[in-house]
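Engineer: Below are the chains, spelled out letter by letter.
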Amino acid sequence: MSGLERLLATGTRPVVTGELPAVNSGGLAAVEQRLEGIAPFVDAVNATDNPAAHAHASNVAIAVAIHQLGAEPIMQIVCRDKNRLAIQADVMGAALFGVENICALTGDDVTAGDEPEARRVFDLDGPQLIKVVTGLAEGHYLSGRPIDPAPPLFVGAVENPYAPPLEHRVARALKKSNNGARFLQLQIGYHQDRLEKFVAGCVESGLTERTALLPTVCLTRSARALGFMDEHVAGISVPEESLARVSKAKDPAEESYQLTLDLARHALSLPGVSGLHITDFRHDGSVGRLVGDLGIAREAHSPSGQEKHAHGSQLAG
Amino acid sequence: MTDLLTRVEDAVKIPLWDCRTCGQCVLHSTGMTCPMTCPKTLRNGPCGGVREDGGCEVKPEMRCVWVKAEARSRTLPLLPRKWRDEINHLRPPVDNQLERTSSWRNLLTGRDRVTPVGWQGEATRADPVDWPRPSMGEFEGPFTTPFHPREA
Numbered sequence: 001m002s003g004l005e006r007l008l009a010t011g012t013r014p015v016v017t018g019e020l021p022a023v024n025s026g027g028l029a030a031v032e033q034r035l036e037g038i039a040p041f042v043d044a045v046n047a048t049d050n051p052a053a054h055a056h057a058s059n060v061a062i063a064v065a066i067h068q069l070g071a072e073p074i075m076q077i078v079c080r081d082k083n084r085l086a087i088q089a090d091v092m093g094a095a096l097f098g099v100e101n102i103c104a105l106t107g108d109d110v111t112a113g114d115e116p117e118a119r120r121v122f123d124l125d126g127p128q129l130i131k132v133v134t135g136l137a138e139g140h141y142l143s144g145r146p147i148d149p150a151p152p153l154f155v156g157a158v159e160n161p162y163a164p165p166l167e168h169r170v171a172r173a174l175k176k177s178n179n180g181a182r183f184l185q186l187q188i189g190y191h192q193d194r195l196e197k198f199v200a201g202c203v204e205s206g207l208t209e210r211t212a213l214l215p216t217v218c219l220t221r222s223a224r225a226l227g228f229m230d231e232h233v234a235g236i237s238v239p240e241e242s243l244a245r246v247s248k249a250k251d252p253a254e255e256s257y258q259l260t261l262d263l264a265r266h267a268l269s270l271p272g273v274s275g276l277h278i279t280d281f282r283h284d285g286s287v288g289r290l291v292g293d294l295g296i297a298r299e300a301h302s303p304s305g306q307e308k309h310a311h312g313s314q315l316a317g
Numbered sequence: 318m319t320d321l322l323t324r325v326e327d328a329v330k331i332p333l334w335d336c337r338t339c340g341q342c343v344l345h346s347t348g349m350t351c352p353m354t355c356p357k358t359l360r361n362g363p364c365g366g367v368r369e370d371g372g373c374e375v376k377p378e379m380r381c382v383w384v385k386a387e388a389r390s391r392t393l394p395l396l397p398r399k400w401r402d403e404i405n406h407l408r409p410p411v412d413n414q415l416e417r418t419s420s421w422r423n424l425l426t427g428r429d430r431v432t433p434v435g436w437q438g439e440a441t442r443a444d445p446v447d448w449p450r451p452s453m454g455e456f457e458g459p460f461t462t463p464f465h466p467r468e469a
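Chains as they are written, first to last, in the numbering used here: chain A, 1 to 317; chain B, 318 to 469.
Worth flagging that the hints you see were computed from the coordinates, not collected in a lab.
Yeah, the Cβ is synthetic: ideal placement off N, Cα and C, and Gly gets one too.
Just to be clear, a hint being listed does not mean it is correct.
[As the list claims (entries may be wrong)] Listed next, the in silico DSS-like pairs over lysine-lysine satisfying Cα-Cα at most 27 Å (straight line): (1) K376/B to K330/B; (2) K376/B to K82/A; (3) K385/B to K330/B; (4) K399/B to K330/B; (5) K385/B to K399/B; (6) K385/B to K197/A.
[What the hints assert, rightly or not] Here are some chain B residues pointing at chain A (derived, C-beta under 7 Å): (7) R360; (8) N361; (9) G362; (10) V367; (11) E369; (12) V384; (13) E387; (14) P394; (15) L396; (16) N405; (17) R417; (18) G427; (19) V431; (20) V434; (21) G435.
Start from the sequences and build out the full structure, keeping to the hints where you can.
Structural biologist: Encoded structure:
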C-alpha cells in the first residue's frame, strides 16, 4: 500500500501533494535540490510528464529518483506522447523501482509546447488509461497476459471542474472513479462557485466515498502571471476580480499569496475534499508558508516524514 | 481496394458527420458527434483544455467536439433514451486494425465489440452502481474527511 493511499484511507487530516519543478540535467543532485524545496511540506510529489508539451527528464526517471531520495512520488502519465505499449512498459518499469502512485492525464496538446511539429499520439484517452493501469494493478496487461506478482499501484487521475461543459464534469469524474481512479487532482482554478458545485455533485453521486478529491491551488507572484494563465493556458480562466485584486494591491506578490491562501481555505472547507494539490510558480518558500498558514503542515502531524526525507538525502549523498 | 459497402458508408458518413473511418462507429452514443474529429481523438469526454467560450484547446475557432456531443446527447430530437445515456459509458481504446473498414459490417458481425482480454472482466461494467472496488492492496476506504464535521 502506498504512503499516499494509506494517508487518504486514514483520512485523519488533509493530504497535501505538490509538484517537482521540471528537471533537465545536473544529475540526481539537481533532483535533490528541487525536492528539498517541496518534499518537507507535502505528503507526495508529482513527477510530471513533459508538462505543457515541453520535453524534460522523463516522468519515470524523476519518479524513481524521488522515491530513491526518500520522498513519495506520484508518477504522472499523459496520453500525448506514447502508445499503450510504451505506457504500460513505463508503469511496469517504474513499479520495479518502487513507484506506486500513478496519475493519469489526457495531457496538453503538442501545439501547447515548443515542438508543435511533433506527432500527437493519444492512442489511449484519460479514462482508458486509468482502466489500463488499474488492470496492471489487478495483475494483467491490456492484452490479458498475466503479471505475477501484480505491481502494487495506487491509481489516480485529474479533472477540471472549471472548464466547459461544466455540467458534464461530475459525470466525467465519475467515469474516472468508476474505472479505478482513487484520487483526482483537480485543475488550477479561481472560480469558487464552480468548485463548490463540482464537489457537491461528487459527494451526491457517491464518488467521494471511493475517490479522494484534491483541488489545486497555484502560488503566483504577480497579476501578470495570473493574466498569462488566463490568456494562454487553455482550460484555466481567472475572473476579472481576482486579477484586479492582485494588480491593484500595493504589494502584488503578497496579495497573490493571500489570494492563493483564500482559495486554499475555501477548498478545504468543502465537505468531500480530502486535501490539496499545490503548484508553485514562486519558488520562494511559499509552499511551506501556505501549509503553515493553513494549519496543515505535515511536521505537526507526522514528524517521521521529515526523518524519511533526511534519510533519503543521506542515501543519495 | 475498398469494397462497395465501405464506399457507400463513406459516401453517407463523411459528408454528414465528417467521419474519419475508424471502423468502430460510436456516433449514436456521442450525440451523433464523431469523437474522432476531436484533435486528440478522445472517445470518453472532453479534456481539461476546453476554453471558457467552449472552444477547442487545439483549434480555438472550433467548438469543442465534446461540448457539442454532450449537449446533443441531451437535446437532439429522435435520439432514443438508451443512446442518450450511453454518453457516460466507457468506450474502449480504438482498435487500429479496423481503420478504413466498414463499421456497418463490423457492427453486424460484432467485430467492433471485440476488445482485448485485459479490457474485459469485472472492471468493464458500465453501471457505476455494480462496479466493485478494485483489488488494490488493502485499500480500505471509504474516504472520510473527519476534519469536516459530519453534519456539515
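Engineer: Against each hint, give a clear statement of whether it holds in the structure.
Structural biologist: Tested hints:
1. For the proposed pair K376/B and K330/B, the alpha carbon gap of about 23 Å is at most 27 Å, so the pair holds.
2. With a C-alpha separation of about 22 Å, the suggested pair K376/B and K82/A falls inside the 27 Å cut-off, and the hint holds.
3. Between K385/B and K330/B the alpha-carbon distance is near 18 Å, which keeps this suggested pair within the 27 Å criterion.
4. Distance restraint check for K399/B and K330/B: the Cα-Cα separation of roughly 22 Å lies within the 27 Å cut-off, and the hinted pair is therefore satisfied.
5. For the given pair, K385/B sits about 19 Å from K399/B by alpha-carbon distance, which is consistent with the 27 Å threshold.
6. Under the criterion of a C-alpha separation no larger than 27 Å, the hint pairing K385/B with K197/A is consistent with the structure, at around 22 Å.
7. Hint status for R360/B: holds, given a least beta-carbon distance of 6 Å to chain A, under 7 Å.
8. A cut of 7 Å between beta carbons decides the hint on N361/B: the least distance to chain A is about 4 Å, and the hint holds.
9. A hinted interface residue such as G362/B counts as satisfied when its beta carbon comes closer than 7 Å to some beta carbon of chain A; here the least separation is about 4 Å, so the hint holds.
10. Nearest Cβ of chain A to the Cβ of V367/B: about 4 Å, under the 7 Å cut. The hint holds.
11. Using the Cβ-Cβ criterion of 7 Å, the hint placing E369/B at the interface with chain A is satisfied: the shortest such distance is roughly 4 Å.
12. About 5 Å separates the beta-carbon of V384/B from the nearest beta-carbon of chain A, less than 7 Å, and the hint is met.
13. The restraint placing E387/B at the interface with chain A holds, with a minimum CB-CB distance near 5 Å, inside the 7 Å limit.
14. Checking P394/B against chain A by beta carbon gives a least distance of about 20 Å; that is not within 7 Å, so the hint is violated.
15. The interface hint given for L396/B is violated, since its Cβ lies 16 Å from the closest Cβ of chain A, which is over the 7 Å cut-off.
16. Hint status for N405/B relative to chain A: holds, with the closest Cβ pair at about 5 Å, below 7 Å.
17. Checking R417/B against chain A by beta carbon gives a least distance of about 17 Å; that is not within 7 Å, so the hint is violated.
18. Checking G427/B against chain A: minimum C-beta separation of about 19 Å lies over 7 Å; hint violated.
19. Nearest Cβ of chain A to the Cβ of V431/B: about 12 Å, over the 7 Å cut. The hint is violated.
20. Given the 7 Å rule on beta carbons, the hint for V434/B holds: about 3 Å separates it from the nearest Cβ of chain A.
21. Because the smallest distance between the Cβ of G435/B and any Cβ of chain A comes to about 4 Å, under 7 Å, the interface hint for this residue holds.
In summary, the structure is inconsistent with hints 14, 15, 17, 18 and 19 from the numbered list given earlier, while agreeing with the others.
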